[in-house]
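Undergrad: Let chain P serve as the given structure and place chain D on it in line with the hints.
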Amino acid sequence: MSSLKLGRRAVLKGLGGASLALPLLEIMVDGTPALAQAARPKRYVVCFGGQSLGGDNDPLHNDYVPNIIGPNYDLKSALAPLADHNNIKNEISVVSGLSIPTASGGPVPPGGRVDFFHISSLSPLLSGVRARTDEAHANGPTSDQVMVGAIAGDTTFSSLVCRIQADWYLSVSAPYGREMISYKTDPRGNPVAIPPTSSPKLAFDALFGNFTPPQSPEEAARRDFQLRSRRSVLDLVRASSARLLPKLGDSDRTRLEQHYDEIRALEVRIAALPPPATSTCQKPPDPGADPPLGGSQGTDSSGDLTYDQNLGYSNEEQRARVFCDLIHMAITCDLTRVVSLQFTMFQSHMNMYQLTGIPFDLHEISHSGLGTLAVSRGIAWHMKHFGYLVSKLRDTPEGDGNLLSNTALVFLHEGGHGRDPSSGARYSSHSTENMACLIAGRAGGLRPGQHVVASGMHPANVLITAMKAAGYSGNSLGEVSGDIPALRS
Amino acid sequence: MQITRAAGLLVAVAVGGCSGRADLSDQGDQTRLSPNSVVGVSGARRLSRTEYDDTLRDLLGDTSSSGFAMLPPDTHDPFDNDYRTQLTSPTLIEALETLATNAAARVLADPAKRSALLPCAPSGPSDAACFRDFIARFGRRVLRRPLGDEEIQSLIGLQSFSIEAHDFFTGVELVIRALLQHPEFVYRIEVGTPVAGSNGGIYRLNNFEMATRLSYFLWGSTPPDWLLDLADTGRLQRSDDVRSAASRLLQDSRARSRVNRFHALWLGYHQLPHPMDLTRALQTETAALITKVVFEDRSDYFDLLRANQTYVNDYLARHYGLPSPGSSAFQWVSYGSTGRKGLLSHGSVLSAGAKFSDTSPTQRGIFVRTRLLCQQVPPPPPNVNVDQPPTSPTSNCKADRYASHSSVGSCAACHQNLDPIGFGLENYDQAGRYRTTDNGLPQCSISGNGRIAEMGAFNGPGGLEDLLLASGQLEQCVVTQVYRFAMGRRESGDDGGLISALTARFRSSNHSFTQLLLDFVSDETFAFRKNE
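Going down the list, the sequences are from chains P and D. Here the first sequence is numbered in the working numbering, starting from 1 and rising by one per residue. Here the second sequence is numbered in the working numbering, starting from 490 and rising by one per residue.
If you are wondering where the hints come from, they were derived from the structure by calculation, not from laboratory data. Each residue gets a CB set at the ideal place from its N, CA and C atoms; glycine is no exception. Don't take each hint at face value.
As the list claims (entries may be wrong) - Across the chosen pairs, the derived CB separations fall in these ranges:
no. : chain 1 : residue 1 : chain 2 : residue 2 : range
1   : P       : G105      : D       : R979      : 32 to 38 Å
2   : D       : S612      : P       : A242      : 43 to 49 Å
3   : D       : T574      : P       : G456      : 34 to 40 Å
4   : P       : G105      : D       : P868      : 30 to 36 Å
5   : P       : D235      : D       : D656      : 50 to 56 Å
6   : D       : D599      : P       : G357      : 22 to 28 Å
7   : D       : S899      : P       : G456      : 30 to 36 Å
To be verified - No more than 20 Å apart at the CA atoms, straight line, and that leaves these computed lysine to aspartate or glutamate pairs for DMTMM-like:
no. : chain 1 : residue 1 : chain 2 : residue 2
8   : D       : K1019     : P       : D250
9   : P       : K247      : D       : E673
10  : P       : K247      : D       : D889
11  : P       : K247      : P       : E257
12  : P       : K247      : D       : D792
What the hints assert, rightly or not - Stretches of chain P that chain D covers, calculated by requiring three or more beta carbons in the stretch to come under 8 Å of a beta carbon on chain D:
no. : region
13  : 64-73
14  : 189-197
Excised from the complex, chain P in its bound form:
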């Protein structure tokens, strides 16, 4: 569920390096007045929803971008849930006027994409590197993994990579790649996908499995036994490398070395001491077994896709809530500082019937003829949970402020609405014109609660703004450079 840089500190913590762990402990104690805000760790969160902003053939580009520019912006239907949680929109800025350039028959420009839409926005949107085909992968490291190098430090989980949509939900075609939005760079410099965790239970166990201090000597002894036996098992598993690796050819050795590296990383995560419980850092409730997988979309007696409420849906409502709770607490406890949260997949076929009453999957709503207002109801589902996540960070005190004081979050959408260069359609959901996104948090002087029109800018410029606010010293992501100063105070 994470990409882990082996932190020496984490190992030392596991060995009981109390003095070395001290600065971290200090950070964890909330309300420590002696600690300057600047000493608090900064966090970076990137979220994604697999849908464009408008519906096909609807002249309304979106019901997302506010009429009011600047502070106190109005909430359109797509963003309506941001009125909840005591107007969480005050912690969130809307950035409009964005676009990803397209080839439009010529060569693909830097940071741009080919004309065919799905899923050519993936690479430029998330890594800032152009997509030369409709390839289902990023051509460079994504912003979250760039931030791992900048701010992860010795956290137990150098990043959390999670996905709410539980399955692809379509039996036809091989859509590999659409479920992945996080890419790091391998030693040869090639981008490598990091498959996300889509199991809330697995995420919970990994993050908080051995978390709360034992409540009795008996429990302490039991847990100590469990931990020791677990480590012994993993030691044995990893020790097999000495016998196995020398026998293998180059390709197999590389494969297995990567596997052993990940086992080693798990051992380091286990060895890391859980942070001491504070008034804010507490083990969240066990989410229990994952909701069952919902199966692929169905058809009715006339052969139309039915979006039967039992198909194409695995209770993503509950999954979203659990992931937001886990991410919030992982940040609170400084288990991680970098999060990639994919709500829905590129060209998402998640059934929206139960969530919105619209009998289509998320992607098909755009093509359904129901128009931009229907599309906005799909976006609003994402916003409901994003607003919840931001509110939980706001409502968690840290130092003189709250977690948002040191956090930058971005929510990106798959596309905008406008001209589709491949079909020539004017009002198409297959467009990266008229894109918009959200940026939240107050890290690094970000000034949330406003609507900024960033005409001609690229969504990656918003990422760069958030990255710099969270401690990134660079000024570019892939082929895109520069931040958007208007988003800072």
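TA: Same frame as chain P, now just chain D:
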């Protein structure tokens, strides 16, 4: 029989004098490799989600299918086992640990399964002999090879937890957890023994690697004890030994499931875009025909495409508009004069290529060319929007709308080879029901006339099947698909010789599918590998 392989790599062999390809009936010694034989590469293959679950079922009696829900999804192209697409990740490692922990806890919570694991009755938590016997026996089953003394010793170390907990089974549980996370369990790793004098890096599989190759190919699961015993006594060396072991594997119901799984992935009906009860019924129908032809009648494989009866119950008969068998149980029913025939009339297969909430003649054309004829169809150019159905300014009828594909020169070049195939199946909707007009458009009548550019005209699934059978191109494609499924990768130039040789044998065996499988595993090259 002597078949010369594709030129290219010339493999030096330890034994001179044998100039041709060793036929199965020759010496049958798979320790040697004919000089003209070309060996395929193999790499470490992680168990697919389905293989993982089936393996746990066979090792532990665990039918939870827990791996499917927790392991990262497999890529389908169309098979789910291409090892070159497999990625490791923290999610994988965490899932493997959790799955192993849960599986061990489940088996120990069941007294019958628990005692079945042990070859002995432990006298107490510190019964070292019994613990060792368990490790040796269970370890061989999990890792599909005997454990070395050092490996056993290191696992015995876990007995300290038994002693500490005053429970023999505490250590047993930890051993299960350790073995189920062992990379040699999670991956099928082949190393082999270098073939003397081969500078091309040719390795001969050892007996246990052969047992594993056989059982995962023919069962999709771990080798049974009797097969490991054969390996242990060196009785998987000769091709006739391999052939007889494979014959025995094919008698098990797991082989039937595996053959059905191959077809389900190949033809795309492992998942169907229909309600659960229809999906189940369609899958039952198709599996029954495959089992009948391949395992029961043992007739010509292509009787799959000639069958004039099908296996339905009242529910499915109603769905198709066929005469009801008068039972909720499945029965064989004649197609009569409905015009239906064979596998391509099944709703399972006709579901392939649904798009835009309807059949897509283009997708069905691609299906026939790539899946049944093993041809390559280039992807649409990047400036084409394939997410919108084609339109016509003058008509809503599908035939007219798709005409835009052939009216634009650059589109026509490809679509003339695709769409007319699909239009020959248009009388059957995406769930296999017969229709005479477009969905909801009674003014748009469907002719059902189709055409494969290089073969000729046809009408309906039966006509298409006749055309494909007459083309003589099906044999090679079936063998090619079997090869991909068996090896976990697409074929390369090096593999062409074996595929051609197997195709010739398939033809001369009157297309016996089980003979094809046996010929494949007892071909001399099945016992060899090359590093990637």
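Undergrad: Does 50 to 56 Å hold as the CB distance between D235/P and D656/D, or does it fail?
TA: Given about 21 Å between the Cβ atoms, the range is violated.
Undergrad: Sort out whether D792/D lies within 20 Å of K247/P, counting only the CA atoms.
TA: Distance of about 46 Å is beyond 20 Å: violated.
Undergrad: State whether the coverage of the region 64-73 of chain P by chain D holds or is violated, taking the criterion as 3 or more residues with Cβ-Cβ distances under 8 Å.
TA: violated (count 0)
Undergrad: Is it true that the C-beta distance of T574/D to G456/P lies inside 34 to 40 Å, as the hint says?
TA: holds, 39 Å
Undergrad: Look at the Cβ atoms of S899/D and G456/P and judge whether their distance stays inside 30 to 36 Å.
TA: With Cβ atoms ~33 Å apart, the hint holds.
Undergrad: Given the hinted pair K1019/D and D250/P, is their Cα-Cα distance within 20 Å?
TA: Roughly 12 Å separates the two Cα atoms, so the pair holds.
Undergrad: Within 30 to 36 Å: is that where the Cβ-Cβ distance between G105/P and P868/D falls?
TA: For G105/P and P868/D the Cβ distance comes to about 18 Å; the hint is violated.
Undergrad: Starting from K247/P, check that the Cα of D889/D is at most 20 Å away, please.
TA: Between K247/P and D889/D the Cα gap is close to 61 Å, so the pair fails against 20 Å, i.e. violated.
Undergrad: Holds or violated: 43 to 49 Å for the Cβ distance of S612/D and A242/P?
TA: Since the Cβ atoms of S612/D and A242/P sit about 34 Å apart, the hinted range of 43 to 49 Å is violated.
Undergrad: Within 32 to 38 Å or not, the Cβ separation of G105/P and R979/D?
TA: Given range 32 to 38 Å: holds, Cβ gap about 33 Å.
Undergrad: With a cut-off of 8 Å between beta carbons, are at least three residues of the region 189-197 of chain P near chain D?
TA: Result for this restraint: holds, n = 6.
Undergrad: Keeping to a limit of 20 Å between CA atoms, is the pair of K247/P and E673/D held or broken?
TA: holds, 12 Å
Of the hints listed earlier, those the structure fails to meet are numbers 2, 4, 5, 6, 10, 12 and 13, in rising order.
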